[in-house]
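Sequences listed follow chains A and B, in order. When the letters of the first sequence are read in order and numbered with my numbering, they come out as residues 45 to 613. When the letters of the second sequence are read in order and numbered with my numbering, they come out as residues 45 to 613.
Hint data in this document are derived by calculation from the structure and do not stem from the laboratory. Here the structure is a predicted model, which is why all the values come from computation and not from measurement. Among the clues, some could well be false.
Stated by the list, open to error - If we take Cβ atoms under 7 angstroms as the criterion, some of the chain B residues that face chain A in the derived model are:
no. : residue
1   : Gly213
2   : Asp215
3   : Val216
4   : Ala386
5   : Gly476
C-beta atoms are modelled at their ideal positions from N, C-alpha and C, and glycine is treated no differently.
Single-letter residue listing:
Number of protein chains: 2
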Amino acid sequence: MPFRAPVADCQFILDHVVDYAQVSATERFAQAGADTVAAILDEAAKLTDNVLAPVNRNGDTDPARLENGVVVTPKGFAQAYAQLAEGGWMGLSASEEAGGMGLPATVATAVNEMMQSGCLALMLNPLMTQGQIEALEHHASDDLKAIYLPKLISGAWCGTMNLTEPGAGSDVGALRAKAEPLDDGTYAISGQKIFITWGDNDFAENICHLVLARLPDGAAGTKGISLFMVPKYLPQADGTLGAQNDLKVVSLEHKLGIHGSPTCVMEYNAAKGWLVGEKHGGMAAMFTMMNNARLGVGVQGVAMAEAATQKALDYSLERTQGRTSGPTGKIFDHTDVRRMLATMRADTYAARALALACGVALDLGRATGDADWQARAALLIPIAKAFGTDTGHDVAQIGVQVHGGMGYIEETGAAQFARDARITQIYEGTNGIQALDLVGRKLADGGEAAARLLDEIEAFAESVRASHTALAGPLWDAAETLRETTEHLVTLPVGARGAGAVPYLRAFARVLGGYFHLKAAVAEGGSGKRSRLACFYIERLLPEHRALLAAVSAGSATVEALEVGDLEG
Amino acid sequence: MPFRAPVADCQFILDHVVDYAQVSATERFAQAGADTVAAILDEAAKLTDNVLAPVNRNGDTDPARLENGVVVTPKGFAQAYAQLAEGGWMGLSASEEAGGMGLPATVATAVNEMMQSGCLALMLNPLMTQGQIEALEHHASDDLKAIYLPKLISGAWCGTMNLTEPGAGSDVGALRAKAEPLDDGTYAISGQKIFITWGDNDFAENICHLVLARLPDGAAGTKGISLFMVPKYLPQADGTLGAQNDLKVVSLEHKLGIHGSPTCVMEYNAAKGWLVGEKHGGMAAMFTMMNNARLGVGVQGVAMAEAATQKALDYSLERTQGRTSGPTGKIFDHTDVRRMLATMRADTYAARALALACGVALDLGRATGDADWQARAALLIPIAKAFGTDTGHDVAQIGVQVHGGMGYIEETGAAQFARDARITQIYEGTNGIQALDLVGRKLADGGEAAARLLDEIEAFAESVRASHTALAGPLWDAAETLRETTEHLVTLPVGARGAGAVPYLRAFARVLGGYFHLKAAVAEGGSGKRSRLACFYIERLLPEHRALLAAVSAGSATVEALEVGDLEG
Chain A
45 MPFRAPVADC QFILDHVVDY AQVSATERFA QAGADTVAAI LDEAAKLTDN VLAPVNRNGD
105 TDPARLENGV VVTPKGFAQA YAQLAEGGWM GLSASEEAGG MGLPATVATA VNEMMQSGCL
165 ALMLNPLMTQ GQIEALEHHA SDDLKAIYLP KLISGAWCGT MNLTEPGAGS DVGALRAKAE
225 PLDDGTYAIS GQKIFITWGD NDFAENICHL VLARLPDGAA GTKGISLFMV PKYLPQADGT
285 LGAQNDLKVV SLEHKLGIHG SPTCVMEYNA AKGWLVGEKH GGMAAMFTMM NNARLGVGVQ
345 GVAMAEAATQ KALDYSLERT QGRTSGPTGK IFDHTDVRRM LATMRADTYA ARALALACGV
405 ALDLGRATGD ADWQARAALL IPIAKAFGTD TGHDVAQIGV QVHGGMGYIE ETGAAQFARD
465 ARITQIYEGT NGIQALDLVG RKLADGGEAA ARLLDEIEAF AESVRASHTA LAGPLWDAAE
525 TLRETTEHLV TLPVGARGAG AVPYLRAFAR VLGGYFHLKA AVAEGGSGKR SRLACFYIER
585 LLPEHRALLA AVSAGSATVE ALEVGDLEG
Chain B
45 MPFRAPVADC QFILDHVVDY AQVSATERFA QAGADTVAAI LDEAAKLTDN VLAPVNRNGD
105 TDPARLENGV VVTPKGFAQA YAQLAEGGWM GLSASEEAGG MGLPATVATA VNEMMQSGCL
165 ALMLNPLMTQ GQIEALEHHA SDDLKAIYLP KLISGAWCGT MNLTEPGAGS DVGALRAKAE
225 PLDDGTYAIS GQKIFITWGD NDFAENICHL VLARLPDGAA GTKGISLFMV PKYLPQADGT
285 LGAQNDLKVV SLEHKLGIHG SPTCVMEYNA AKGWLVGEKH GGMAAMFTMM NNARLGVGVQ
345 GVAMAEAATQ KALDYSLERT QGRTSGPTGK IFDHTDVRRM LATMRADTYA ARALALACGV
405 ALDLGRATGD ADWQARAALL IPIAKAFGTD TGHDVAQIGV QVHGGMGYIE ETGAAQFARD
465 ARITQIYEGT NGIQALDLVG RKLADGGEAA ARLLDEIEAF AESVRASHTA LAGPLWDAAE
525 TLRETTEHLV TLPVGARGAG AVPYLRAFAR VLGGYFHLKA AVAEGGSGKR SRLACFYIER
585 LLPEHRALLA AVSAGSATVE ALEVGDLEG
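For reference, chain A alone in the conformation it holds in the complex:
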């Protein structure tokens, strides 16, 4: 069966789990009421099911390629992109002043998840543009905004982000790209950038590169980095495009997945650039986007998990193998197959609810300026990124397993989800970096934001303990264990938190998943499908938190004692 965008589940979560109504109750997002959101989700679902999902396999089997210095995109991508642009989807979260829809991050999150399930490789293109729009809105001069924003929002031009260099990945501050001031107030940008997603394409009139580089007087490290707009074609005063800039795509990477998305090595040879934001303020500009971008990537994981879950469920209802005494007569009836499918669905739901909860916190933090909501968003973002993407990959791998031998055959398409998902655990800050952000910066308040969230979870569990004993009890206990571990963790110097970072983040996500499942079960009332899924999650997936938190409590000494020779075998 073809992909069906999960409108009903998104809607249920918005209405009953993450209380989206709080967002549309603010003045800023008053226009994004329940009816509007429902209509947007329906439109996004149509585009996903009818336009995006049908081109997804093309991207994998006929990767983007470089011909005579220009990227040629997979069959059908240009047409699908044109429909995205026509529908105004590029400006989903751009401000209304700039010509965008001005929608809350929560709604953008739901829409992007669906569309990325349809075709992740293509959707990375508008996602880059959306990030660039956000950066320009916050940091660019009015002149730059006037030139670029309308073109980016209409989809006529595309945007890219140029951070990484061969020696500067997780450590952006190590970059070597240079910016030389020119007499006319612009800059000559030189250097090589790698891993540039959609660094070129054959369907946009112009490609607008936001490039991090160092001015001659820029200090070493992140403090000396500035941000520049470096377009492929130079816009002229009359609004038309002029000469080609001194930049080029040197090569495309041959990757494990997202083959439809050209990952470029870019070379800038004194290319003309315009400063965006303050001199040496490049990192500040990047940080503005980073929270959104990290949530955006987390949602890519949810998207892959959803697509993989649907595909595996469909297969399990088509494939006959072995005796079954169950109702379908297909492999769905085998208990171990159902265990796999339930794990996929329960974790997909948990990751989706987490992403949407994160969106609500972001929106409320912005709309109300409330410091608690801002801290909540900051706390949830690394968890949503890492758990969302780990879930994307893990669930897709379970999907391969459900398919048995057919899962290993590329034509089946099950493996593509796993390959495509795999990059999401790495880019936009590896999941290890997310975990270090969580135990470092995000607990720098002494764990206050975490404690407030755990208060909320425990209070909710307490309030439904009588009616939902089997679910509320284990969740309350898990939240309490997480609280104790958090209280212990914040007493350690940040350096000693390293070995516990990844397990801590995952345990936190497990507890949050339990909270969202319990909320769903309670909202459902009786004992329907959401309650059965919540039972499964709390009985079988939540308990993982114990071993994880034990590892956190064990500290870093055992890990730090290990020497190179110990790991040689």
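Given chain A, put chain B in place with the hints provided.
Just chain B now, with coordinates in the frame of chain A:
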């Protein structure tokens, strides 16, 4: 750095962890003493490092392809194969009477692990031949043995196994291939077989297919299946090759990994075949091989884990990124990177020790006829298969993560190990099937074999509790929890064990890993590298067993209650 076969670790495990000396103390394996084994491991290591590992990337980048009905193999594969044949490695475990080396399964396991680390895709070829040799030795007529065994053992001919059909995978009994008796005592074999590993190649004189098919009077299901030898070219009375048989390779699969290994769709059109073993006795013949083959596949996982661990460690010692205060100045110093590397090494060790322990039990069961050793081998095989292959894939995926963005680029080679490893969790009985075998057939003795093993583990932990408190205590507790869960599990009807099968198997492997790590630490004496790794394992990986066993104890009701609609989201 190029791959270095893990001779020292294998040797240490044989000497200090799995007590290989018991095997060479038997009359049957008296010739495989310590010096002989050491010499064999050294030779295998040389071939691995110098001949096999260098062609591994070729297989991935230039997959085997079908040209005019013949499989063309990747560059360098034919030459590497010739060296394997020259060295006599095809006959590693074949009996000496038949011209083989007659080595114990334990030694074959160690050798195959190394060589598969070098090039899994190529090594699947001799592995298939080894399986065929074993089947023929046990079941074929003397005439067939005389024709085929010398050619297979010399490597002049290759062997394949033809079980799977489109509608008969895990459920072999559903197969449709037919065998019609001919007047000359041979049979006409017709049908389509899929997923046939190395179904053809361009370097062997003949390809010998063992094919499962049903005789006209064969009952439905597995009881009516017979085994046939169906060679590509028909051997003549004078020993030369005659006409081509009526069989062909229809197509090759396009797979996620092991691209160098041609996975064929085979078509048999009244091809001439010879019965192997009894009529309708095909499954019995398959079962003879199955234990060995399952251990063999488990070891493929260990092989991928070792290769991935070495590669990630090398990278971590080359790559500079971010500030470190550690001794190497490279990303190795980051605690979270070391945590990943330690997980890789600790689990690779555990999976290797498990495979070798399984080999020892197989060998002792055969050499002594002791029912306890036979039961031990039967118990360990599904665990070694599933945990070995899960470890292979999981460890390789951690290796991708250690490489960061570079891990996603195919040229790096890190992703290949994960892609190649992925099939091992599926073929030769999916890991779900292994788990069902464990909780069903392998606990059919009421858990006696498991209890004897747990007695041994607890007694060992008890005996070193004073000197190794921090390790022995948690291991004893874990073994005891596993014992209690096992005692509970065997009271359930087999049908109700399904939802707990996979977690039970993994928990069992976790406890065994703890046992092997403790043994290594004790053998090492003081507080060296093996003790530090054991600490890491017991502190951070062993605790996973608790959540797993809790899931087992929860039973199957929650899973069985799930309906199709619950999993639709």
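**Item:** Interface restraint verdict for Val216 of chain B against chain A (beta-carbon cut-off 7 angstroms)
**Value:** 10 angstroms, violated
**Message:** Does the closest beta carbon of chain A sit nearer than 7 angstroms to the beta carbon of Asp215 of chain B?
**Reply:** 4 angstroms, holds
**Request:** Against chain A, run the beta carbon of Ala386 of chain B and see if the smallest gap drops under 7 angstroms.
**Result:** 5 angstroms, holds
**Asked** Should the hint that Gly213 of chain B touches chain A count as held when the rule is a Cβ pair under 7 angstroms?
**Response** Gly213 of chain B check passes; min Cβ-Cβ to chain A is 6 angstroms, inside 7 angstroms.
**Asked** Regarding the hint that Gly476 of chain B lies at the interface with chain A, is the smallest CB-CB distance below 7 angstroms?
**Response** 4 angstroms, holds
Violated hint for the displayed structure: number 3, the only one.
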